[in-house]
Amino acid sequence: MNRLKVWESLALLVRIGLGFLFLYAAINKIFEPAKFAVVIYNYRAIPVEWLNFIAIVVPWIEAAVGFCLLIGIWVDVAALILSGMTVFFIVLIISAVARGLNIECGCFSLDPQGSLVSWKRVIEDLFMVIGGMFLVIYHGYLKARLSK
Amino acid sequence: MNWFQKRSIALIYQSLIFCAGAVLLALIFNAISPNGISLKTQIRSVQVRDQVLKIPIWAKAASDTEEAGFVFHPAQEIRLPAAFAAFQKGQAIFIDTRSTEKYLDGHIAGALSFPLEEREVFEFEELQLQRDQKIVTYCDGEACSQSIDLAMQLEEMGYFDIYFFLGGWLEWQKANYPIMKGERP
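So the protein lines, in turn, are chains U and S. Under my numbering, the first residue of the first sequence carries the number 1, and numbering increases by one thereafter. Under my numbering, the first residue of the second sequence carries the number 1001, and numbering increases by one thereafter.
Worth flagging that the hints you see were computed from the coordinates, not collected in a lab. Be careful, since some hints might not be right.
[Said to hold, decoys possible] Some chain U residues near chain S, calculated using beta-carbon distances under 10 Å:
1. 63
2. 76
3. 103
4. 104
[To be verified] Just so you have them, the derived chain U footprint on chain S, three or more residues with Cβ under 8 Å:
5. 1004-1018
6. 1031-1040
[Said to hold, decoys possible] Some chain U residues near chain S, calculated using beta-carbon distances under 7 Å:
7. 31
8. 33
9. 41
10. 49
11. 51
12. 53
13. 56
14. 57
15. 61
16. 64
17. 77
18. 80
19. 81
20. 140
C-beta: ideal position from N, C-alpha, C; glycine also.
Only chain U is shown next, with the shape it has when bound in the complex:
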């Protein structure tokens, strides 16, 4: 019983933390899709025709994920999407670092003086994937199984 409580508190903490992060990351981008498109373009990894579409859509998925995690609905689904997206971000950042691109990450802000892509970003994102997968397992499987 006690152990369950510990997991529950941990899940709550991770859920709120990740939810806040994703919502925060989404806000700027939602209002400035044109700037975000340029940031994505600089990664040189996405077909140029799709830049605008991705710049419009990705922040909204982030926002929806963040919102659901924060208020605690569809947590398993939101966490799964969060993990998938973050894995994709990790691949993009690693490819940029490996190609020696000195570009803005576009992770949390669109400020050109903001943080650049780096291994530090990759590690941060790895932690987010771990957190996300933890939520998927906890909310999507353990909790669903217990309540069955």
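We have chain U; now place chain S onto it with these hints.
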């Protein structure tokens, strides 16, 4: 199919539906937002070193700029020897598209700073260059793209002697050509 498999498939389906919902919201918001952008990126093809590059155009269409009725001259690549010749003769104005920080650290002697990521393209008019001024844009080197991006946008704005120097700051420095540090006097 066991419970785990069923649950996983359900999760994946739900995720797809979730994303579809978010995409719908995004499209609706983009349609009504004053900052909304077109769904498909406008692109222009440009010949660079035997290959055709697709460059997105972020600037407004030429018809939207105040300058109307100009003759359209496509921007071209300029290589180091030609760039240096133009530099020596004082024919061209060099535009450094890198960040202000990098510009202050060192730039092609006499180059003007126009950090593409810190400024809006229309602010280029503040440099008050003539439309027929020979302009050479550059950034770090072949790995960066701001030189081409700015060149394409200037072309859209009606400047007609535009070149992008792909070798950029790295090639210039390697060749030991004149550089400057700090603000432009």
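Structure-based check of each hint:
no.: 1; hint: 63; in the structure: 8 Å, holds
no.: 2; hint: 76; in the structure: 6 Å, holds
no.: 3; hint: 103; in the structure: 9 Å, holds
no.: 4; hint: 104; in the structure: 7 Å, holds
no.: 5; hint: 1004-1018; in the structure: holds (count 7)
no.: 6; hint: 1031-1040; in the structure: holds (count 7)
no.: 7; hint: 31; in the structure: 6 Å, holds
no.: 8; hint: 33; in the structure: 5 Å, holds
no.: 9; hint: 41; in the structure: 6 Å, holds
no.: 10; hint: 49; in the structure: 6 Å, holds
no.: 11; hint: 51; in the structure: 4 Å, holds
no.: 12; hint: 53; in the structure: 5 Å, holds
no.: 13; hint: 56; in the structure: 5 Å, holds
no.: 14; hint: 57; in the structure: 5 Å, holds
no.: 15; hint: 61; in the structure: 4 Å, holds
no.: 16; hint: 64; in the structure: 4 Å, holds
no.: 17; hint: 77; in the structure: 5 Å, holds
no.: 18; hint: 80; in the structure: 5 Å, holds
no.: 19; hint: 81; in the structure: 5 Å, holds
no.: 20; hint: 140; in the structure: 6 Å, holds
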